[in-house]
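As a plain string of letters, each chain reads:
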Amino acid sequence: MLTLLGVAVVVVGFVIRLNPLLVIGAAAFVTGWAAGLSPVEILDALGKAFNENRYVSLLWLILPLIGLLERYGLQERARMLIGRIRAVTVGRLLLLYFIIRQVTASLGLTSLGGHPQMVRPLIAPMAEAAAEKELGTISDDTRFRIRANAAAVDNVALFFGEDVFIAIGSILLIKGFLQQSGIIVQPFELSVWAIPTAVLALLIQGTRVLLLDRRLRRDAPRAAE
Amino acid sequence: MITLQFCYLVAGLAFGSFAVLSATDRTNRKRFGNAMFWGLFASSFLFGSYLSDWQNGLLVLALIVLGGCNLLGHGKPTTATLDERRDSAVWRGNWLFAPALLVPAIALLGTLFLKQVQIGVLPLLDVKNLTVISLVLGIVVALAVAMLWLKPRPLAPPQEGRRLADMVGWAIILPQLLASLGAIFALSGVGKAVGEIATHCLPLDKPLEAVVAYCVGMAAFTAIMGNAFAAFPVMTAAIGLPLIVHQFHGNPAIMAAIGMLSGFCGTLTTPMAANFNIVPAALLELPDRNGVIKVQLPTAGLMLIANTLLMYFLVFRF
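In the order they appear, the protein sequences are chains A and B. For the first sequence, my numbering begins at 1 and goes up steadily by one. For the second sequence, my numbering begins at 1 and goes up steadily by one.
Because the hints were derived from the structure by calculation, they are not lab data. These figures come from a predicted structure and were not determined experimentally. Check each hint, because a few of them may be wrong.
For lysine-lysine, the following DSBU-like pairs were computed, each having C-alpha atoms within a straight-line distance of at most 35 Å [stated by the list, open to error]:
#, chain 1, residue 1, chain 2, residue 2
1, A, Lys175, B, Lys206
2, B, Lys206, A, Lys48
3, B, Lys30, B, Lys192
4, B, Lys128, B, Lys115
5, B, Lys294, B, Lys206
6, B, Lys30, A, Lys175
7, A, Lys48, B, Lys115
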């Protein structure tokens, strides 16, 4: 039971909003200590795991490209594009992105979205432009709410879309785990049962982004005062 | 053969350039903090494979101290003004999207088609890490295309990259560090301990109770670990297989598929899933670090209820 102390460190650390790096460092040492490891062994384990997980950080290589394109007006272009489409609202735009993101993820194309590649340079500026077109100047709070919703749409669409694809990591993990336990299932049998959840996610998040439109309209006059 | 090692070399050079440019940036009061942070991160990519475990461990500790004790500032490299950006956007038009879209296009084509390409007897890409390598290849090609087309000064890409990297700041290493914490949790048997609590402290003698315990347990344990992949084996071995499948004769495929999706509901709620929840808040310059999580909470709650009901009504029927 003592090994759960590290989990407690994480929970408390995040709740009192300490810097996450310090929280994780502390949790690593507390957990290792509770499991009877020496400080050097913990340092070894931490260094080894960090080194083996370097591929997680390779996505950041996209920053120079996105930054360069922003220097030449990528975000402004995304805004202009939205300014020309009359029927667009924040909610409709995010719903459209949700559908594209979920459908492509369900075909295994999970790299077609993401926060550094799509949300920051394209989707968030487009959503802000849609709000400005309809409501005029928007307050900072509104701007941040729209951005957070753009990020949420990317996450929800990805999570509840990718498992419909038969060769995604989580489906393969399930197949492997069940196989170890003596149960043979085909990836297709698993991914087909991800479809009802995918449809419900579309309905729930779709409704929420369309309701966001109403909320933005309601808050707009107050922000203008 | 292009391997992960090649990608790490590229990443090492990129972060190394951020470090050098940070050190010379007099607009940043904490420029040496930034230079050391990006420099150490670059060393991890360049030399990590040749360092011993404890040396890598010390490197991680140094990164934690630099990032955790507020020793990083924001560099302000000279970039284009808003007017220049607007002018460029007007006259370059929608072609500006092309390099950004080239990245996923190449990543996709690489994953699908480069598997069989060989030079002599060696494959062109290391097949084990095809997706990641294809992505890096896409970024490098797209950047080369953008450079040829836009003809910026040679230092523009690292300077612009540093502008964004400083904005994300210490959160850049958070996903990788959380993955490492996961390894320590696994080594110390945290998962097993949670599984024992879940099975011993809950009354689970009806099908509905087992389904609720499994789905909610997946979400809660995922929120703690930041990753449904870590929660799935533990919760499924503790509740899913013994109770839902063996005792109540549920369908294992439905149990596992919807169980994993219940875990994803937990992912939406936790700062531990940094690359989905904390990193975008930094990238989008939100003042509230948990701004994205707050927006996701209602969806996570509704989806968890939906998944639990779906499992209850489907798992014993098929």
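Structure-based check of each hint:
{"no.": "1", "hint": "Lys175/A - Lys206/B", "result": "holds, 27 Å"}
{"no.": "2", "hint": "Lys206/B - Lys48/A", "result": "violated, 44 Å"}
{"no.": "3", "hint": "Lys30/B - Lys192/B", "result": "violated, 44 Å"}
{"no.": "4", "hint": "Lys128/B - Lys115/B", "result": "holds, 10 Å"}
{"no.": "5", "hint": "Lys294/B - Lys206/B", "result": "holds, 34 Å"}
{"no.": "6", "hint": "Lys30/B - Lys175/A", "result": "violated, 49 Å"}
{"no.": "7", "hint": "Lys48/A - Lys115/B", "result": "holds, 29 Å"}
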